[in-house]
Amino acid sequence: MGDELDILLRDFYAKYANQDISDDKIQTIKDTYGDDYDTLLRDLYAKYAQSDLEDSKLETIITTYGLKKKVEDHNKSVSVSYKKTSLGTLKKVFRRGVGAYNNNPQSVRPSVNSADQWAYARVNSFLYALKNEKFRSGKHDTDLFPSGHPLSSKKEQKQEGYNDYPQSATNNAKRMIEWRDKYGRDEVKGGTAVGWQRAASLAARESLSAETVGRMAAFNRHRKNATVDPKFKDTPWKDRGYVAWNLWGGTSGVNWAIKKMETIRNKE
Numbered sequence: 004m005g006d007e008l009d010i011l012l013r014d015f016y017a018k019y020a021n022q023d024i025s026d027d028k029i030q031t032i033k034d035t036y037g038d039d040y041d042t043l044l045r046d047l048y049a050k051y052a053q054s055d056l057e058d059s060k061l062e063t064i065i066t067t068y069g070l071k072k073k074v075e076d077h078n079k080s081v082s083v084s085y086k087k088t089s090l091g092t093l094k095k096v097f098r099r100g101v102g103a104y105n106n107n108p109q110s111v112r113p114s115v116n117s118a119d120q121w122a123y124a125r126v127n128s129f130l131y132a133l134k135n136e137k138f139r140s141g142k143h144d145t146d147l148f149p150s151g152h153p154l155s156s157k158k159e160q161k162q163e164g165y166n167d168y169p170q171s172a173t174n175n176a177k178r179m180i181e182w183r184d185k186y187g188r189d190e191v192k193g194g195t196a197v198g199w200q201r202a203a204s205l206a207a208r209e210s211l212s213a214e215t216v217g218r219m220a221a222f223n224r225h226r227k228n229a230t231v232d233p234k235f236k237d238t239p240w241k242d243r244g245y246v247a248w249n250l251w252g253g254t255s256g257v258n259w260a261i262k263k264m265e266t267i268r269n270k271e
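For the sequence shown, the working numbering assigns the number 4 to the initial residue and increments by one for each residue that follows.
A hint or two may mislead.
[What the hints assert, rightly or not] Using C-beta positions, here's what the derived DEER-type ranges look like:
(1) Q170 with D146: 34 to 40 angstroms
(2) D146 with N105: 18 to 24 angstroms
(3) E190 with P233: 16 to 22 angstroms
(4) K79 with Y186: 22 to 28 angstroms
(5) K18 with P233: 55 to 61 angstroms
(6) S156 with D232: 48 to 54 angstroms
(7) T31 with N105: 38 to 44 angstroms
(8) T238 with L90: 29 to 35 angstroms
(9) K79 with N107: 29 to 35 angstroms
(10) K192 with S212: 37 to 43 angstroms
(11) S156 with S80: 22 to 28 angstroms
(12) P169 with R139: 36 to 42 angstroms
[To be verified] Mimicking DSS-like on lysine-lysine, the simulated pairs with C-alpha atoms at most 27 angstroms apart in a straight line are:
(13) K234 with K192
(14) K28 with K95
(15) K134 with K71
Think of the hints as simulated: they come from the structure by calculation, not from any bench. If you're wondering where the values come from, they're calculated on a predicted model, not measured in any experiment. The beta-carbon is built from N, C-alpha and C at its ideal position, and this holds for glycine as well.
Please construct the entire structure, taking both the sequences and the accompanying hints into account.
Written out as structure tokens, the structure is:
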């Protein structure tokens, strides 16, 4: 249970003992109980909550904090909003895993010995796909991906258009198109076919799908190209990174996309 136990103990002491718990005390508890989490939780409930802990509630607590730690670790590992998740979402994935184990046993690998083990495997698969935009094997739970995620099956949300991006994003895209038309692709070598397609959409003030907004937000990983390399100060159109950055709306466009994806995600 590891770090999940730290979170659980801090939450428990704050709720039932009305006090913060020190790192030293957490370590003392770990040293005392070792891996016997069942006894630890039952003792805590008896002492502070003054009640017995039913087996079903014990399992729920352990599962919740296991998933909570996965959410925290996953969200720290990604910077794009449409790749983040929530405890509520992982609980849904987990419950579906338990249901699959109980109702569809033929789909369960022989090495799996419990419903919880199968459910955690499903959660781990979901988080991998959420982060990497691809599944290791068969697809599942695509309805639980944020609408801006490429794997999301929320078609109705993907079809919603957004055209309230700043005029400066349009201007950045137009400037790249003008450079290409003036100097040709022999000199303006930056940008992929997709990037030039995005610039055309921004230049024409077209509505963008949630998926496209998500890809614009993801382009934030190239922010280092937001300024022209000094060696291209007199010929900025030759700076491939700078051109690619501005095809996606430049700094103002990417900043808008990041905020828009937060808004889209919060509506889900």
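Against the structure, the hints come out as follows:
no.	hint	result
1	Q170 with D146: 34 to 40 angstroms	holds, 36 angstroms
2	D146 with N105: 18 to 24 angstroms	holds, 21 angstroms
3	E190 with P233: 16 to 22 angstroms	holds, 18 angstroms
4	K79 with Y186: 22 to 28 angstroms	violated, 43 angstroms
5	K18 with P233: 55 to 61 angstroms	holds, 56 angstroms
6	S156 with D232: 48 to 54 angstroms	violated, 41 angstroms
7	T31 with N105: 38 to 44 angstroms	holds, 39 angstroms
8	T238 with L90: 29 to 35 angstroms	violated, 51 angstroms
9	K79 with N107: 29 to 35 angstroms	holds, 33 angstroms
10	K192 with S212: 37 to 43 angstroms	violated, 28 angstroms
11	S156 with S80: 22 to 28 angstroms	holds, 24 angstroms
12	P169 with R139: 36 to 42 angstroms	holds, 39 angstroms
13	K234 with K192	holds, 16 angstroms
14	K28 with K95	violated, 34 angstroms
15	K134 with K71	holds, 17 angstroms
The structure fails to meet hints 4, 6, 8, 10, 14 from the earlier list, while all remaining hints are met.
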